[in-house]
Amino acid sequence: MATEVIMPKVDMVMETGTFVEWLVKEGGQVSKGDPLFVIMTDKAAIEAEAPADGILAGATAKADDVIPVTQVIGYILAPGEALPTQTAPQPAVASAPAKVEAPEPAKPVEGASESGKVRATPVARKMAEAQGLDLSKIAGRGPLGRIHKADILAFQQTQTSEPLTAPVTISAPIISTPAATTAPVAAASPVIPAPAAPSAPIQLPDARRKQVVPLSGPRKIISERMAYSAFTAPHINLSLRVDMTEAIRLRERVLEPLQAQTGQRVSYTAILARAVATVLPRHPYLNASLSDGNIILWEDIHLGIATSVEENLIVPVIREAQGRSLGQFVTALADLTERARNRRLKPTEMSGSTFTISNLGMYGIESFNAIINPPEAAILAVGKMVDTPVGQDGQVVLRPLMQITACADHRIADGATVARFLADLKSTLENPYLLI
Amino acid sequence: MTTREITYLEAVREAMSQEMRRDKEVFLIGEDVGTYGGAFGVSKGMLEEFGAERVRDTPISEAAIAGAATGAALMGMRPIMEIMFMDFLTISMNQLVNASAKMRFMFGGKCSIPMVIRAPSGSGTGAAAQHSQSLEAWFINVPGIKVVAPSTPYDAKGMLITAIRDNNPVLFMEHKLLYRQKGPVPEESYSIPLQSAEVKRQGRDLTIVAYSIMVPRALEAAEKLAAEGIEVEVVDPRSLKPLDTETIVRSVAKTGRVLIAHESPVTGGFGGELAAVIAGSEAFDFLDAPICRLAGKNVPIPYNRTLERAAVPQVEDLVAAARSLAQEGR
Numbered sequence: 001m002a003t004e005v006i007m008p009k010v011d012m013v014m015e016t017g018t019f020v021e022w023l024v025k026e027g028g029q030v031s032k033g034d035p036l037f038v039i040m041t042d043k044a045a046i047e048a049e050a051p052a053d054g055i056l057a058g059a060t061a062k063a064d065d066v067i068p069v070t071q072v073i074g075y076i077l078a079p080g081e082a083l084p085t086q087t088a089p090q091p092a093v094a095s096a097p098a099k100v101e102a103p104e105p106a107k108p109v110e111g112a113s114e115s116g117k118v119r120a121t122p123v124a125r126k127m128a129e130a131q132g133l134d135l136s137k138i139a140g141r142g143p144l145g146r147i148h149k150a151d152i153l154a155f156q157q158t159q160t161s162e163p164l165t166a167p168v169t170i171s172a173p174i175i176s177t178p179a180a181t182t183a184p185v186a187a188a189s190p191v192i193p194a195p196a197a198p199s200a201p202i203q204l205p206d207a208r209r210k211q212v213v214p215l216s217g218p219r220k221i222i223s224e225r226m227a228y229s230a231f232t233a234p235h236i237n238l239s240l241r242v243d244m245t246e247a248i249r250l251r252e253r254v255l256e257p258l259q260a261q262t263g264q265r266v267s268y269t270a271i272l273a274r275a276v277a278t279v280l281p282r283h284p285y286l287n288a289s290l291s292d293g294n295i296i297l298w299e300d301i302h303l304g305i306a307t308s309v310e311e312n313l314i315v316p317v318i319r320e321a322q323g324r325s326l327g328q329f330v331t332a333l334a335d336l337t338e339r340a341r342n343r344r345l346k347p348t349e350m351s352g353s354t355f356t357i358s359n360l361g362m363y364g365i366e367s368f369n370a371i372i373n374p375p376e377a378a379i380l381a382v383g384k385m386v387d388t389p390v391g392q393d394g395q396v397v398l399r400p401l402m403q404i405t406a407c408a409d410h411r412i413a414d415g416a417t418v419a420r421f422l423a424d425l426k427s428t429l430e431n432p433y434l435l436i
Numbered sequence: 437m438t439t440r441e442i443t444y445l446e447a448v449r450e451a452m453s454q455e456m457r458r459d460k461e462v463f464l465i466g467e468d469v470g471t472y473g474g475a476f477g478v479s480k481g482m483l484e485e486f487g488a489e490r491v492r493d494t495p496i497s498e499a500a501i502a503g504a505a506t507g508a509a510l511m512g513m514r515p516i517m518e519i520m521f522m523d524f525l526t527i528s529m530n531q532l533v534n535a536s537a538k539m540r541f542m543f544g545g546k547c548s549i550p551m552v553i554r555a556p557s558g559s560g561t562g563a564a565a566q567h568s569q570s571l572e573a574w575f576i577n578v579p580g581i582k583v584v585a586p587s588t589p590y591d592a593k594g595m596l597i598t599a600i601r602d603n604n605p606v607l608f609m610e611h612k613l614l615y616r617q618k619g620p621v622p623e624e625s626y627s628i629p630l631q632s633a634e635v636k637r638q639g640r641d642l643t644i645v646a647y648s649i650m651v652p653r654a655l656e657a658a659e660k661l662a663a664e665g666i667e668v669e670v671v672d673p674r675s676l677k678p679l680d681t682e683t684i685v686r687s688v689a690k691t692g693r694v695l696i697a698h699e700s701p702v703t704g705g706f707g708g709e710l711a712a713v714i715a716g717s718e719a720f721d722f723l724d725a726p727i728c729r730l731a732g733k734n735v736p737i738p739y740n741r742t743l744e745r746a747a748v749p750q751v752e753d754l755v756a757a758a759r760s761l762a763q764e765g766r
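Order-wise, the sequence lines are chains F and C.
Sequential numbering of the first sequence, starting at 1, is according to the working numbering.
Sequential numbering of the second sequence, starting at 437, is according to the working numbering.
One thing to keep in mind: the hints can contain errors.
Stated by the list, open to error - Pairs of lysine to any residue residues, derived as SDA-like cross-links and limited to a Cα-Cα distance of at most 20 Å, are as follows:
no., chain 1, residue 1, chain 2, residue 2
1, C, K660, F, K117
2, F, K126, C, K660
3, F, K126, C, G765
4, C, K690, F, E320
5, C, K660, F, Q261
6, F, K346, C, A663
7, C, K690, F, A150
8, C, K660, F, R265
9, C, K636, F, Q261
10, F, K346, C, R759
11, C, K690, F, R125
12, F, K117, C, A475
13, C, K660, F, A260
14, F, K117, C, F720
15, F, K126, C, F720
16, F, K32, F, M1
17, F, K117, C, P726
18, F, K137, C, R766
19, C, K636, F, Q328
20, F, K126, C, R766
21, C, K660, F, G327
22, C, K660, F, D335
23, F, K9, C, K660
24, F, K117, F, L144
25, F, K346, C, Q763
26, C, K690, F, L144
27, C, K660, F, Q264
28, F, K126, C, D721
29, C, K636, F, R125
30, C, K690, F, G323
Quick caveat, the hints were computed from the structure, so don't treat them as lab data.
Model, not experiment: these values are computed from the prediction.
This is chain F alone, in the form it adopts within the complex:
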């Protein structure tokens, strides 16, 4: 029997995927598990494997097609077998205006066992019972369609997000609230009216074009999110300069032992991340999200580290950063940035942060304002360390000063709140020995 090749769902919130390329030509022989095609999700290119042995046929997907998850995009046929006639694959959905679609009805068939009972883990069963959910309406992603806790959570999310009526420039699911521990508050994606379009169309300059790069994949997501954040969150930006003398000394002291322990060199980003994770619990309004008329104060710190990968911004996340040692930050950072550069991060590893650090010091940038990574409350923009003359005991001495800027959402936090956070962070970095 022909095996369907479908657009895979690789992320809980994924509804469509952008097709990139087939790795096997139409009519080509494949074995189960061979890389078959590449798709682009919100954040990364992902190779999908052949679901069976056989010959690829009826491959309809083309580059840049935006295709709903689970839609059939081709078939694997046994030798001599014909393509199924009835279920011709539908044309791909147009990519232009992103629109929010009602979640696809879950397929209950998979979850049912031979006896007709639904396969579900005890915790999933208990959650469904407590919330009056019908398990047979929920699709499970475990073996044999078993329903796990994650499936219940995903189902709840689809139930709470409402379709938008007015056309908007952002698609709601791009900003999903992080899965961190908090007081129970229903997660709902923010619904914000789009800014009014200019009354007269903006003319493009009369110039020769070198290239036209389609706004798609990660770039599209970044532009949507940043515009959303910039136009909805009133940013306040506060800066101060930190004397890094002791932090430099600390790094020199721990460099060798930590290298022996982790195999990695301690970066200033690791020290900063550790400092932020230490200080942030004392400033709960900066580790928060605005959602559905509530400010959610997160118990967990899921720390995003802004990383540039081939002209795209990727934010790998160190989850539950609050309890981690410096050594663990070193290991986690090395692993995440390495895999981010190789595009090997899983979608869950680059989403769900509750606070972000963006360090441009390595490019020589001394200070900058960053745009908050929604739905976070704040982002820390870190500049280069610069030897700066400062007055000390009546003398002018050189000190390595580093400017840090906290950019916060004024709807959630006020200037004094941000200032207290910065002062706390400064004093922690200037007396950094408690960070070990």
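Use these hints to put chain C onto chain F, whose structure you have.
What follows is chain C alone, placed relative to chain F:
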């Protein structure tokens, strides 16, 4: 308290010596424990300190060692019997199972049998099928005998002292590969209650319940998985009977997933008991995946080094099993 790094083997020796200095009724009996200092060197130097009356070499008869120890315990002494390899306990079985374990019950509590059976267990030294077994399940199934399998020098010292002071027979398992492992141990005498599992590493994604040699392996696996973003919690029951079920159940209720690891063969092993305890507890409502076991294969331990490794769970096996369990349905 002054704490310094010593080996597991030294911790065992220190516990015995401190108890022998404290209580003249405590003595050590076994094959080659005196002049030779023990097959693994555990009792080295003890003959010189305590003399041949209290560090007693015996003929090669494990039945006689167990019988002598049981008799001495019955008469009010506190023997520590050493069996050179756990495998040879089979020869002591009648004494231990039909006499030591049952006397207190059969005589209505008129006597007690305060004895410790120390036995090196486990594979990994190329000692083949008759010198590499982990026979804890045999003894756990005998009412009247307690079974302890500590994984660190600190736990070994504190639990051996508790075992010596216990008025019941306690089987004290010492994994051969742990003997050379170092860890911080206070110089002073201290005791750790038997029924006290310990969370050796905190994590949120799944729990590995491991004891003896599987603890350091589980910790190494957890470290590797942490780099992949999988946070493993490692719980060491330390004592298998009596078992601290509360700590285990609490951890599984937190993570919702559990992998049980031991070296002895999977079929009829202690992992089955642990799985049943977890499934029957309040953790059941929080389980988000089947309870999994990773244990020794159902084969005698092979002599060949490669096959010997393959017969029991190694770090990479723990990594693979824990990773797949953590990712199931997520």
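Here's how the hints hold up against the structure:
1. As the CA atoms of K660 (chain C) and K117 (chain F) are separated by approximately 38 Å, the hinted pair breaks the 20 Å bound.
2. A hinted pair counts as satisfied when its Cα atoms are at most 20 Å apart, and K126 (chain F) with K660 (chain C) does not qualify at roughly 32 Å.
3. As the CA atoms of K126 (chain F) and G765 (chain C) are separated by approximately 16 Å, the hinted pair is consistent with the 20 Å bound.
4. Pair hint K690 (chain C) plus E320 (chain F) holds up; C-alpha atoms about 15 Å apart against a cutoff of 20 Å.
5. At roughly 13 Å between alpha-carbon atoms, K660 (chain C) and Q261 (chain F) fall within 20 Å of each other, so this suggested pair holds.
6. With a C-alpha separation of about 13 Å, the suggested pair K346 (chain F) and A663 (chain C) falls inside the 20 Å cut-off, and the hint holds.
7. Of the supplied pair hints, the one linking K690 (chain C) and A150 (chain F) holds, its CA atoms being roughly 15 Å apart against a limit of 20 Å.
8. The suggested pairing of K660 (chain C) with R265 (chain F) holds, with an alpha-carbon distance near 18 Å, which does not exceed 20 Å.
9. For the hint linking K636 (chain C) to Q261 (chain F), the alpha-carbon distance of about 19 Å falls within 20 Å, and the restraint holds.
10. This hinted pair checks out: K346 (chain F) and R759 (chain C) have alpha carbons roughly 14 Å apart, not beyond 20 Å.
11. Between K690 (chain C) and R125 (chain F), the direct Cα distance comes to roughly 17 Å. Compliance with the 20 Å bound is thereby established for this hinted pair.
12. Note on K117 (chain F) and A475 (chain C): the hinted pairing is violated, with a Cα-Cα distance of about 58 Å set against a maximum of 20 Å.
13. Between K660 (chain C) and A260 (chain F) the CA atoms are separated by roughly 16 Å; this keeps the pair inside 20 Å, and the hint holds.
14. Proposed proximity of K117 (chain F) and F720 (chain C) is supported: the alpha carbons are some 19 Å apart, at most 20 Å.
15. A hinted pair counts as satisfied when its Cα atoms are at most 20 Å apart, and K126 (chain F) with F720 (chain C) qualifies at roughly 10 Å.
16. The suggested pairing of K32 (chain F) with M1 (chain F) holds, with an alpha-carbon distance near 15 Å, which does not exceed 20 Å.
17. Straight-line distance between C-alpha atoms of K117 (chain F) and P726 (chain C) comes to about 17 Å, which keeps the hinted pair within the 20 Å bound.
18. A hinted pair counts as satisfied when its Cα atoms are at most 20 Å apart, and K137 (chain F) with R766 (chain C) qualifies at roughly 18 Å.
19. With a C-alpha separation of about 17 Å, the suggested pair K636 (chain C) and Q328 (chain F) falls inside the 20 Å cut-off, and the hint holds.
20. Between K126 (chain F) and R766 (chain C), the direct Cα distance comes to roughly 17 Å. Compliance with the 20 Å bound is thereby established for this hinted pair.
21. Our distance criterion of 20 Å between C-alpha atoms is met by K660 (chain C) and G327 (chain F), whose separation comes to about 14 Å.
22. The straight-line distance between the Cα atoms of K660 (chain C) and D335 (chain F) is roughly 11 Å, inside the 20 Å bound, and the hint therefore holds.
23. Between K9 (chain F) and K660 (chain C), the direct Cα distance comes to roughly 27 Å. Violation of the 20 Å bound is thereby established for this hinted pair.
24. Using a Cα cut-off of 20 Å, the hinted pair K117 (chain F) and L144 (chain F) holds, with the two alpha carbons roughly 12 Å apart.
25. For a cut-off of 20 Å, the pair hint linking K346 (chain F) to Q763 (chain C) stands: about 12 Å separates their Cα positions.
26. Between K690 (chain C) and L144 (chain F), the direct Cα distance comes to roughly 25 Å. Violation of the 20 Å bound is thereby established for this hinted pair.
27. In summary, the hint linking K660 (chain C) to Q264 (chain F) is supported, as the alpha carbons are separated by about 15 Å, within the 20 Å threshold.
28. About 7 Å separates the Cα atoms of K126 (chain F) and D721 (chain C), which keeps this hinted pair within 20 Å; it holds.
29. With a C-alpha separation of about 31 Å, the suggested pair K636 (chain C) and R125 (chain F) falls outside the 20 Å cut-off, and the hint is violated.
30. Between K690 (chain C) and G323 (chain F) the alpha-carbon distance is near 17 Å, which keeps this suggested pair within the 20 Å criterion.
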